[in-house]
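So you can see what is in the structure, the chains are spelled out below.
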Amino acid sequence: MSHLLLLVPLAALVLANVVPRSWRPSATWVAFFVCALQTVVVVLPPLGLADWSFLQPLDKAIGFDIALDGLSLLLLVSAGLAGMAALMASNPGLKAPRERFLFANLVLVALIGINGMAMVKDLFSLYVFIEVTAVATFILVTIRHGTAAFEGAWKYVIMSAVATVLMLSGVAFFILIAGGASLEAVKTALAAPDPFAWAAAALFLCGLFVKGGLVPFHGWLADAYMAAPAPASIFMAGIVTKASGVFALIRLSSAVFGDALPARWIFLVVGAVTLVIGAFLSLGQSDMKRMLAYSSVSQIGYIVLALGGSPQLGVVAAALHFFNHAVSKAQLFANAEAIEVSLGTLSMDSMGGLGSRMPVTAGTSAVASLSIAGLPPLAGFWSKLLIVISLWQAGQYGFAVIAILTSLVTLAYFLSLQRRVFFGKTAPQWEGAREARGALLAPALGLAVITVALGLGFPFFLSMILGGGQ
Amino acid sequence: MTLMTILLILLVLASLWASMTTLLLRATIALALASAILAVVMYSLGATIAAVLELSVCAGLISVVFVSVISLTQRKPFKDYVARRMSRMSRFWPLPVVLLGAGVALSFVHAPVQVALPLPSAAGDVRLVMWNIRQLDLFGQILILLTGVIGVLVLFKREDKDGD
Numbered sequence: 001m002s003h004l005l006l007l008v009p010l011a012a013l014v015l016a017n018v019v020p021r022s023w024r025p026s027a028t029w030v031a032f033f034v035c036a037l038q039t040v041v042v043v044l045p046p047l048g049l050a051d052w053s054f055l056q057p058l059d060k061a062i063g064f065d066i067a068l069d070g071l072s073l074l075l076l077v078s079a080g081l082a083g084m085a086a087l088m089a090s091n092p093g094l095k096a097p098r099e100r101f102l103f104a105n106l107v108l109v110a111l112i113g114i115n116g117m118a119m120v121k122d123l124f125s126l127y128v129f130i131e132v133t134a135v136a137t138f139i140l141v142t143i144r145h146g147t148a149a150f151e152g153a154w155k156y157v158i159m160s161a162v163a164t165v166l167m168l169s170g171v172a173f174f175i176l177i178a179g180g181a182s183l184e185a186v187k188t189a190l191a192a193p194d195p196f197a198w199a200a201a202a203l204f205l206c207g208l209f210v211k212g213g214l215v216p217f218h219g220w221l222a223d224a225y226m227a228a229p230a231p232a233s234i235f236m237a238g239i240v241t242k243a244s245g246v247f248a249l250i251r252l253s254s255a256v257f258g259d260a261l262p263a264r265w266i267f268l269v270v271g272a273v274t275l276v277i278g279a280f281l282s283l284g285q286s287d288m289k290r291m292l293a294y295s296s297v298s299q300i301g302y303i304v305l306a307l308g309g310s311p312q313l314g315v316v317a318a319a320l321h322f323f324n325h326a327v328s329k330a331q332l333f334a335n336a337e338a339i340e341v342s343l344g345t346l347s348m349d350s351m352g353g354l355g356s357r358m359p360v361t362a363g364t365s366a367v368a369s370l371s372i373a374g375l376p377p378l379a380g381f382w383s384k385l386l387i388v389i390s391l392w393q394a395g396q397y398g399f400a401v402i403a404i405l406t407s408l409v410t411l412a413y414f415l416s417l418q419r420r421v422f423f424g425k426t427a428p429q430w431e432g433a434r435e436a437r438g439a440l441l442a443p444a445l446g447l448a449v450i451t452v453a454l455g456l457g458f459p460f461f462l463s464m465i466l467g468g469g470q
Numbered sequence: 001m002t003l004m005t006i007l008l009i010l011l012v013l014a015s016l017w018a019s020m021t022t023l024l025l026r027a028t029i030a031l032a033l034a035s036a037i038l039a040v041v042m043y044s045l046g047a048t049i050a051a052v053l054e055l056s057v058c059a060g061l062i063s064v065v066f067v068s069v070i071s072l073t074q075r076k077p078f079k080d081y082v083a084r085r086m087s088r089m090s091r092f093w094p095l096p097v098v099l100l101g102a103g104v105a106l107s108f109v110h111a112p113v114q115v116a117l118p119l120p121s122a123a124g125d126v127r128l129v130m131w132n133i134r135q136l137d138l139f140g141q142i143l144i145l146l147t148g149v150i151g152v153l154v155l156f157k158r159e160d161k162d163g164d
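Read top to bottom, the protein sequences are chains A and B.
Residue numbers for the first sequence, in this note's numbering: 1 to 470.
Residue numbers for the second sequence, in this note's numbering: 1 to 164.
Read the hints as simulated data drawn from the structure, not as lab findings.
Please read all numbers here as calculations on a predicted model, not as lab measurements.
Okay, derived cross-link-like pairs now, DSS-like style, lysine-lysine, Cα gap no bigger than 30 Å in a straight line:
#1 A:Lys121 / A:Lys60
#2 A:Lys95 / A:Lys155
#3 A:Lys155 / B:Lys76
#4 A:Lys155 / B:Lys79
#5 A:Lys60 / A:Lys187
#6 A:Lys187 / A:Lys121
Computed from the model, here is a short list of chain A residues facing chain B with C-beta under 8 Å:
#7 Asp65
#8 Val109
#9 Ile112
#10 Phe129
#11 Val132
#12 Ala136
#13 Thr142
#14 Ile143
Just so it is clear, CB atoms sit at the ideal spot from N, CA and C, and this is done for glycine as well.
Please build the complete structure, drawing on both the sequences and the hints.
Here it is in structure tokens:
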């Protein structure tokens, strides 16, 4: 089945472009269907509801060097959900039919890139699929043109070019030292006490830190999110930056680094610095989207910090927080779009009292905010709890305390967001504000339900992740 | 001074020209020149196929794409060009200094890298490498080209009257 996860979105992309022009508006629905199909198809086998082993001859016939496991499953589901949310939001978010058509095309390309990242077993292939996703995302940011969009995309391109140089240098070193770039060969090279292998690993990791927007490489992220049209922000914040940088780190941590001490210390220090700086940067923002962007930086810090905890539990905790954050952040960006469509602004200083005007947006945004802040029984609570336990088990008590204290800062900025936007007296200029259309409420509601359901059914979900794919 | 040293110095000079010039067309020519010199370096080191690809794709195809895009743009007035050149020179003057310093420093380093042999390119026929061993990467590269086409449509194609 793994090959179909690359070929079906490609077939949909071709189909969307060969049909007559009058059928082009349906491209959004074709892409939505592909995302939905992916989400359902990969979840069924771990639930025991389907068995795709009859597709193995197809995989053998094509012969790409890819494989599915529990981690891949998590990324594939997150990508499917974020894609569905972004495509649904593209109808109110992008006015011109041509923009919506191109948006659907680019989401399909990025989906192939993300699916490739989920399944590759080679460092160079990982780099290639990261680039596929990145190129599609540069264009997504500029889809509506305008100076801000070009500036945001330009910063993103330049930082990505730096990441490319770092990652390719790392891969080249590994090819020289290990004779190849497969994850197995890289693991063997790192097991030998060779400083050049670790220099190569450090170069590749720095490239991933840039792609993931970790401190001190976080400057481009907020500008790119701000410049992108809302549906693109939902997709980028929900999955793209996390898949390109953070998922690759989780994969390397689980398949290559294991319990290697240098890697764990890099993750601990970079994760803790990102976590704290991202949280304090969020606290000082008055633009809703910018606050959410810096909140993403902080939460990415949590995921990376978890990788420095006890080897196995750390990876599980990081993977779970990756998924929870993808779901909740995609939802919060959908909420932000609902507010922008209704009010025409995202400046929180001018808002207030919108809770009574936009009850569904207010309710769902409260669920996502509290989940990211780590309040029980929502999904974010469990992943943060596992992160703290994994750090404690590894004897990293100081970092565990930093994680707990920063959770309080997270709660503070999300409560501030809720208070400034939804509580208090409605400002006179927003008396006429109305709840968003169904196309914007549906993804927010769907993702909020997932957050609550995951929180309540956490043990079952955890065993599904540990069980893996097929 | 060996031929390789001369080639490497020329490569650095061409790359600096590509980075520091204010005219897009000159930057494209400089980049093509750098690619052509790199192709000669690769050929001298025995990487024949890599040299051919570098020459045909990077020096040839990419330059054509750049020139076609530049032909869609409009030049700024001469006054702006002079001002930009001065500001660019003031920002980029450390680049040659850093490169020169790095080159001198690296010439003293004799890194004891244990090179694993054979290298993937020496594993056999390049067709085998491209179509059998690295076919997944080839798939990814084709996708990047396809995305480039969508990018041109997004960035350069004006919207039709019917908005479609």
